[in-house]
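Asks: Chains as they are written, first to last, in the working numbering: chain A, 9 to 204; chain B, 9 to 204; chain C, 9 to 204; chain D, 9 to 204.
Be a bit skeptical, because a hint or two may be false.
The list treats identical chains as one, so a pair stands whether inside a single copy or across any two.
Stated by the list, open to error - Okay, derived cross-link-like pairs now, DSSO-like style, lysine-lysine, Cα gap no bigger than 27 Å in a straight line:
id, residue 1, residue 2
1, K42, K179
2, K27, K130
3, K67, K179
4, K196, K130
5, K179, K159
In short, the hints are calculated from the structure, not lab data. Please read these numbers as outputs of a predicted model, since none were measured by experiment.
Protein chains: 4
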Amino acid sequence: MISKKKVLVTGFSPFLDFKVNPSGEIARKLDGFKGDTYEVFGVELPVLHKEARKILEQKFSEINPDLVVGLGLAANATGIRIERVALNRYYRGEEAEERIGEVVAYETSLPYERIREALWNKGIPAYYSFNAGTYLCNEVFYTIASLCSRKGIRGGFIHIPFTHRQVIAMKKFSYPSMQEGLMIEAIKTIIEVSLV
Amino acid sequence: MISKKKVLVTGFSPFLDFKVNPSGEIARKLDGFKGDTYEVFGVELPVLHKEARKILEQKFSEINPDLVVGLGLAANATGIRIERVALNRYYRGEEAEERIGEVVAYETSLPYERIREALWNKGIPAYYSFNAGTYLCNEVFYTIASLCSRKGIRGGFIHIPFTHRQVIAMKKFSYPSMQEGLMIEAIKTIIEVSLV
Amino acid sequence: MISKKKVLVTGFSPFLDFKVNPSGEIARKLDGFKGDTYEVFGVELPVLHKEARKILEQKFSEINPDLVVGLGLAANATGIRIERVALNRYYRGEEAEERIGEVVAYETSLPYERIREALWNKGIPAYYSFNAGTYLCNEVFYTIASLCSRKGIRGGFIHIPFTHRQVIAMKKFSYPSMQEGLMIEAIKTIIEVSLV
Amino acid sequence: MISKKKVLVTGFSPFLDFKVNPSGEIARKLDGFKGDTYEVFGVELPVLHKEARKILEQKFSEINPDLVVGLGLAANATGIRIERVALNRYYRGEEAEERIGEVVAYETSLPYERIREALWNKGIPAYYSFNAGTYLCNEVFYTIASLCSRKGIRGGFIHIPFTHRQVIAMKKFSYPSMQEGLMIEAIKTIIEVSLV
């Protein structure tokens, strides 16, 4: 019997004015999900940078995953945004000069070309980004890239928009949104493509 | 036997760099569709202002509809954009001072509050707009509003985004998009609510 | 001796998160200014709709102006935005169905083509807008248009961006901005062109 | 007699639909300018990536500068945009996987904090950016950073908007813009602060 691959999927809890965070909700919904060849360990990280990194490192060491996919909300994303570059920057935006590691930047080790192609084939808008911001999403991405690089496994970060239901609940129609079911299908596709 | 209500749905053909236009495609796909209480006459208007208005007026007089719903593409719409106000302006943007009618502006006669509520209940992002632009969409909206006002029936205009498949085909991920099936469901819902 | 023309210039006080409002500041700075052929009565209106309209109507009747230029902040304006259409809508955004007058919309009675030309000649970016929003700016614009129409004088509304110094003070660099001196020159130019 | 420091300022020629490029114009206008302690060597690079890098490297070796400031147009910049990170990417956007150097990314070696402060003190909007795009601006920035790093001098890249006169000439008022004089003052300030 071949054991299933272990996939760590992280998301974030709600923050600031955003009462909902699709990234944390999807991480929780996928927790325990078993595909043919893999099972998901979904973790919702708090939007508190020291805490978030500590929990991420603990879960990484505890679960001993074969793949890590970090998820975060980008309120202006128009689809599945595949992040390509993580910068060596500590949480709080442009002003923080503190560093979190050695190299200036990591590149994702997810197979981004095949991921984008697979999502397009399913009718899901997906595109690259070379800038994951200067906040916690970028910091978690850098941490994932650093942990995965040392362990020699694949890891990366994906920004997602709000769900249709969420923008309706918030009455914030300046934000693009997607159907939740389609987003969950997208994350499963990303996992499957990355495990091949 | 009660005869079905006749609903004129208009869209536009592709224009400029846009090789596809979801509004015209949906108008064509809905052409001939029969709901329980209505049937749709779908018409794709050319993006040529004199021609567009002439065809619209001909079809209006020929079909003798009970309801008119104009559709147009708004590449930056994040959902179903219910237009509230049509300005008395002739096609070509800000420079054209030519007028197309008497009053400065018409308001939509679609039941916009109930439409928005019904779409929200189905999980479809929908919002109001008080500015339908200064191009052909606005001109067709003004013409619909004027024709419907004189006939005493409901009529209005709805802006829609690209479909997911269309932005993928164009590789234009700066545009928000929606699933085509959801858009078609939205237009049917708008028709049903407007006929009550 | 020919008496000078009286020009009523209104702006707004700060509101919400905006600690400064260039429209109110310019109205106050221009108050008492005397050009060759005109003098300015600058009034800062509170961002309280009933109050704002009441003060506007009082000042209009008290000053008995020959021209009215309303100013308002548009945080995303990239220059001098000449508003062309005021909608019959009462303050609080899209939800408010209450009306403030008779006609659906007024058009500006400022000589917008000559204004834009004169500003361009001075190197000042200026452009038309056909949507003054659904808040107090639009309501004041509609009120100005209505008062001026009945009196047979020119009146209109201009949206302006923040000043350079203001975005620096707020550290909000997502907003376009202009030099304050250039904005004041723009408003004087608008007055001069409108009095010819 | 102490010889003046030599400052290489690069800009780009017009490209695509943009008939003007403020970065090339400013580089040409500053060419030969002598400050108290420095003189400028202004170079307009063609928007042809192999050519641009070749000319940049030639001029760098020929002039033997003490400081390099690359300028580029960012049509949506709202002020002076100080680029902080150059990515290892070869010209043509997201699709090109070709690399131009060794490290994943360089950080600017311009004294960005003091530059921003000095510009703010002069009333000039200035802000950081951590993403110089994936086109020629980024490639030239990476090349500047690499050349300067090896030589042990300061170098970096600044994005600027169109000038007021340029958006008027193009009638493109969706773009923010600045007065040209203010931009030239900004570049001189950047040079002076970077030479201290």
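Asks: It remains to establish, for every hint, whether it holds in the given structure.
Replies: Taking the hints in turn, this is what the structure says about them:
1. K42 / K179: neither (35 Å within a copy, 33 Å between copies)
2. K27 / K130: Only across copies: K27 and K130 sit 21 Å apart there, 30 Å inside one copy, limit 27 Å.
3. K67 / K179: neither (35 Å within a copy, 37 Å between copies)
4. K196 / K130: both (12 Å within a copy, 25 Å between copies)
5. K179 / K159: Classified as neither; 43 Å inside a copy, 35 Å across copies.
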